[in-house]
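Participant: Quick mapping for you: the protein sequence lines, in order, are chains S and X. Numbers 588 to 1054, taken from the working numbering, label the letters of the first sequence in order. Numbers 588 to 1054, taken from the working numbering, label the letters of the second sequence in order.
Hints should not be assumed to be uniformly reliable.
Any copy, or any two copies together, can satisfy a pair, since identical chains are not distinguished.
Result set (DMTMM-like, lysine to aspartate or glutamate): computed pairs, CA atoms no more than 25 Å apart in a straight line [stated by the list, open to error]:
no.	residue 1	residue 2
1	K931	E861
2	K910	E614
3	K682	E798
4	K1037	E758
These are computed hints drawn from the structure, not numbers from a lab.
There are 2 protein chains.
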Amino acid sequence: MFGVVENLNWMDALRARLGEAVSTDAEVLSVHAHDETEDLRFPPQAVVRARSREDVVATMEVAHAYGVPVTAAGARTGLSGGALAVKGGIALSLKGMDRVVEVDLANHQVRVQPGVIVQELQERVQRDGLFYAVDPASRGTCTIGGNLAENSGGPRAVKYGVTKDWVLNLEVVLADGQVIRTGADTLKNSTGYNLTQLMVGSEGTLGVITEATLKLLPWPRHNALMLVPFASADAACAAVAAIFQAGVQPSALEFMERDAVRLAQDFTGDHSLEVGEDVAAHLLIEVDGFRPEELMPQVEALLPVLEGAGAGEPLFADDAAAKDRLWFLRRRVGEAVKAASVYKEEDTVVPRGRLPELLRAVKEIGGRYGFRSVCYGHAGDGNLHVNILRDAMPQEAWDEELPQAIRELFAEVVRLGGTLSGEHGIGWVQKPYIDLAFSAAQLELMRGVKRVFDPKGLLNPGKIWPD
Amino acid sequence: MFGVVENLNWMDALRARLGEAVSTDAEVLSVHAHDETEDLRFPPQAVVRARSREDVVATMEVAHAYGVPVTAAGARTGLSGGALAVKGGIALSLKGMDRVVEVDLANHQVRVQPGVIVQELQERVQRDGLFYAVDPASRGTCTIGGNLAENSGGPRAVKYGVTKDWVLNLEVVLADGQVIRTGADTLKNSTGYNLTQLMVGSEGTLGVITEATLKLLPWPRHNALMLVPFASADAACAAVAAIFQAGVQPSALEFMERDAVRLAQDFTGDHSLEVGEDVAAHLLIEVDGFRPEELMPQVEALLPVLEGAGAGEPLFADDAAAKDRLWFLRRRVGEAVKAASVYKEEDTVVPRGRLPELLRAVKEIGGRYGFRSVCYGHAGDGNLHVNILRDAMPQEAWDEELPQAIRELFAEVVRLGGTLSGEHGIGWVQKPYIDLAFSAAQLELMRGVKRVFDPKGLLNPGKIWPD
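Go ahead and model the full structure; you've got the sequences and the hints to work with.
Facilitator: The following block contains the structure:
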């Protein structure tokens, strides 16, 4: 076991073990000080760019011996500040561990390192006719390790589930540098506690994931995509529950307020879609299948439901280019909002039937506190991204009153049977509200689990719950 | 908070809180001394028949104050001894908490108490066109609470997953009588640690589940079923991987050795299926769909794969009665084996492509140790139930040598990337082998989690790992 070496401080010990993988260059520290969450800046004291499991083990051994915080990071595309070293110490970058280790064709599984970019994983397995379903808006840049840490979702979660649903087994480096597997590479497992699912979504606070075995599906390569306008956001939300009640299982069912579409149009410069004042919201609906003939029956089942829900004329994407254009628009909403104003994004989630109530509550609270909101997200999952734009709000109101408004919003979310985050995690930005989601008994259990895995409190400290 | 009352022993305290719900009747204790695992007998000292969450809270408060073990039980159909009070104390029967609390049509969810019988739940939600997918062989008698505790599977797990995949939220009474919710009634949740998945499959060692919110699907009411003979068990196993590689997703893909079918035929008295000496094994394959026209393309994709894998002529079930007959035969294999001989059942699971190797290992080890085995199970999941029949094996060999044989078998399972239990749990009978599945570091983490939830060690003691 590695221990404290006399006359060495932790930085020297880290360099002694990891050499050039350690950086304290000001620019490198600055890059690792932020992710995609608002305008947060928390520079670490050192960045370790891990190239192997052994590098991660060495980092944790030094950190454990010297009591230094370690915050793992991937591509830093997160939206809750989960990858930020808010207590300083070491930012442990796993971006360089980016190998697809094995595509197992016999078992429809893939073993990956945490730094693999999600879209690259998807394209890699599609070459073998297989499908990794989880596709966050940031899939072109985000890493699978970050997805595991935050239990990321994305548009296709409505049919295929979120990251946790595709994880069979993890290799994890513990706080003291020991390495474990959390499960087995099997589809079923009733052997001991489910450490795999405990690790997924734990935001790097219980261990550092160095390899994952993921389940794959045969690739459903055919799909149909339509954009459906509604005269009221309420009607669009209500249509969502009606679609499922009709027995249709879309592979994506996205909601966008008018302002979300317009901001994305301004941001991308693509105004080919006309969005009149009579359109308050859109649903973007995809159905998929392994065979082309599976699509039409689904579309035919959808159309009368949409008509009954008061939808306008659906716009069908005729070819791959048209589909790409619609998806590009949808995927750029987040960045477009960010470009338009200082903002805060709340990742609210409720049972999907309560979406109309949630949306009304957002607007009502916004009216009282005087903020503009742009809402969009994964309506099929009841997962609404509420973007609060600062616009001309005075700094004092933004700093002092807005947290109270957000608290009211989350209280309403919980009252509707929902919770604080559907797919972004709690991280740094939502932790002041965690008492709304959990009782003292629940929090005590979670803190107890944390102590079991990380008795010194070195793994991503300062996250999930207030100190 | 309830505490020890002077001059009362725990039994009196229990009666004072729970009245007639407490029984110490010899016959009642005897009934609760066994489940369906081998011929184990562990009578508790008292049985509490809980009628409400408050009864469970009262039981735990008394147990916590007096330091009495509590083992929750449902229908006691388990196959690992998970529901047996091996350390005495209180058997807490949840069978009477058998209400379907709410079918939520807008959100495709159902809230149930733990004592609901799985088949009754399925039939209840089917009346609303909805589907609860998990259907263990014992679904006509087993309860959802037991399924949650052991993370049960069943034939349709190959397409729809196991119990854990359908749980959104649990109400749990903790060791000290506090009540928590583990999550939210939402499809997505990235808020804090996943206590829901930690609870599922924890075999009653972390808390007592008093209510569950389960996810439902639209009911895929159409299916096609075929029984496919193979001249070698190896070829049948190899066909399993080929089916998935062809892009077919069966809703059931079951394997039965010749002896499994024959034992079930003798047990049920239905010999209408002729099983010649040239048939070594069968696959029972089901495909399903929401619309009848979804079936034929799947069957047409299957047939060439089966032919290529060396299958004999498939027998199609022409109507509902024929399907019921085939499923009845399959579901009765377990009881048939039990009726034929003293036996032990191992719930092995490997990546499905490794099934042929696993089956060969079973037979090879059986040859060396001199036992007969009957293998069947959920081939699509790589989950093979290995039934070891005592037949004429001398008692000493059964008691002394067989554990060594089982150890060899599990070592091989782990070497193949698998683990000890796919859907039955570890419970009492597999715990001597747990060191094969977990390293010391893993076990220490699990024991640590156990201490957080149950510091006094009162919840289902003596399970999962050796004392």
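Participant: Each of the hints needs a verdict: does it hold here or not?
Facilitator: Tested hints:
no. : hint           : verdict
1   : K931 <-> E861  : neither (28 Å within a copy, 68 Å between copies)
2   : K910 <-> E614  : neither (39 Å within a copy, 68 Å between copies)
3   : K682 <-> E798  : within (12 Å within a copy, 42 Å between copies)
4   : K1037 <-> E758 : both (18 Å within a copy, 22 Å between copies)
The structure shown violates the earlier hints numbered 1, 2.
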